[in-house]
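Okay, so the sequence shown: first residue is 1 according to this note's numbering, each after it adds one.
Mixed in with the good hints there might be a few duds.
[Said to hold, decoys possible] With a Cα cut of at most 20 angstroms, we get these calculated SDA-like pairs of lysine to any residue:
1. Lys29 to Val51
2. Lys19 to Ser59
3. Lys29 to Leu56
4. Lys29 to Glu18
5. Lys19 to Gly60
6. Lys19 to His80
7. Lys19 to Ala62
8. Lys29 to Ser59
9. Lys19 to Ile79
10. Lys19 to Leu74
11. Lys19 to Glu72
12. Lys29 to His54
13. Lys19 to Phe91
14. Lys29 to His80
15. Lys29 to Arg50
16. Lys29 to Cys78
17. Lys19 to Arg76
18. Lys19 to Cys78
19. Lys29 to Glu49
20. Lys29 to Val55
21. Lys19 to Arg75
22. Lys19 to Pro90
23. Lys29 to Phe48
24. Lys19 to Arg73
25. Lys19 to Lys29
26. Lys29 to Arg52
27. Lys29 to Thr53
28. Lys29 to Phe91
29. Lys19 to Cys77
30. Lys19 to Val81
[Stated by the list, open to error] Distance windows between CB atoms, simulated:
31. Glu32 to Ser59: 20 to 26 angstroms
32. Leu56 to Ala22: 18 to 24 angstroms
33. Asp45 to Phe91: 38 to 44 angstroms
34. Pro84 to Arg52: 35 to 41 angstroms
It is worth saying that the hints were derived from the structure and are not from the lab.
Note that this is a predicted model, so its numbers are computed, not measured.
Every residue, glycine too, gets a C-beta built ideally from N, C-alpha and C.
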Amino acid sequence: MATTRFERAGPAGDDAAEKSRAYVRRHWKFAEPGPASAAPPPGPDNLFERVRTHVLCISGMAFQDAWNIDLERLRRCCIHVASPTRGLVPFCAWYLVDTHGRRLYGETAHVP
Numbered sequence: 001m002a003t004t005r006f007e008r009a010g011p012a013g014d015d016a017a018e019k020s021r022a023y024v025r026r027h028w029k030f031a032e033p034g035p036a037s038a039a040p041p042p043g044p045d046n047l048f049e050r051v052r053t054h055v056l057c058i059s060g061m062a063f064q065d066a067w068n069i070d071l072e073r074l075r076r077c078c079i080h081v082a083s084p085t086r087g088l089v090p091f092c093a094w095y096l097v098d099t100h101g102r103r104l105y106g107e108t109a110h111v112p
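Full structure from sequences and hints, please.
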């Protein structure tokens with residue numbers, strides 16, 4: 001049973017994560033240049049080709065720490081960091097710090 005608007009009953013429950021992955025696949029890739037002789041001259045007719053080869057996509061995420069962590073967002077996080085000691089860690093938690101400002105994950109993580 002779905003409890004949030006992001007959850008779905010059954011196998012479609014990964015819909016929000018899959019949409020995020022599809023966005024990353026579409027926008028975070030290198031645009032292969034076409035042949036130099038086939039390069040169209042600049043102008044309004046070639047706007048879409050210019051956008052495809054000359055646009056930089058910048059994505060951002062809100063910073064989360066011990067005081068404002070959003071567990072629902074963390075649960076839906078679809079980008080992960082592979083850590084040799086912790087396995088896959090959601091990127092939304094990678095720079096998470098405790099109440100003393102010490103990193104919980106990453107190479108400089110505090111180990112009690």
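Holds or violated: the 20 to 26 angstroms window for the beta-carbon distance between glutamate 32 and serine 59? Between glutamate 32 and serine 59, where Cβ atoms are some 21 angstroms apart, the hint holds.
Indicate whether the distance between the beta carbons of leucine 56 and alanine 22 respects the range 18 to 24 angstroms. Holds: the Cβ-Cβ distance is about 19 angstroms, inside 18 to 24 angstroms.
Below or equal to 20 angstroms on CA atoms is what counts here, so check lysine 29 against histidine 80. The hint holds at about 18 angstroms.
Holds or violated: lysine 19 and isoleucine 79, Cα atoms, limit 20 angstroms. 12 angstroms, holds
Between lysine 19 and proline 90, is the straight-line Cα distance small enough, at 20 angstroms or below? 17 angstroms, holds
Against the 20 angstroms threshold, does the CA-CA distance of lysine 29 and arginine 50 hold or violate the hint? 15 angstroms, holds
Verify the proposed pairing of lysine 19 with arginine 73, using a straight-line Cα cut of 20 angstroms. 14 angstroms, holds
Run the distance test for lysine 19 versus valine 81: straight-line Cα separation, threshold 20 angstroms. 19 angstroms, holds
Has the given pair, lysine 29 with arginine 52, been kept, meaning a C-alpha gap of at most 20 angstroms? 10 angstroms, holds
Pair hint outcome, lysine 29 versus serine 59 [Cα-Cα no greater than 20 angstroms]: With Cα atoms ~13 angstroms apart, lysine 29 and serine 59 stay inside 20 angstroms; holds.
Regarding the pair lysine 19 and glutamate 72, is the alpha-carbon distance no greater than 20 angstroms? The given pair, whose Cα atoms are some 17 angstroms apart, holds under the 20 angstroms limit.
Would the pair lysine 29 and phenylalanine 91 pass a check requiring their Cα atoms to be no farther apart than 20 angstroms? Holds, at about 19 angstroms.
Going down the numbered hints, you'll see the structure goes against none, and every one checks out.
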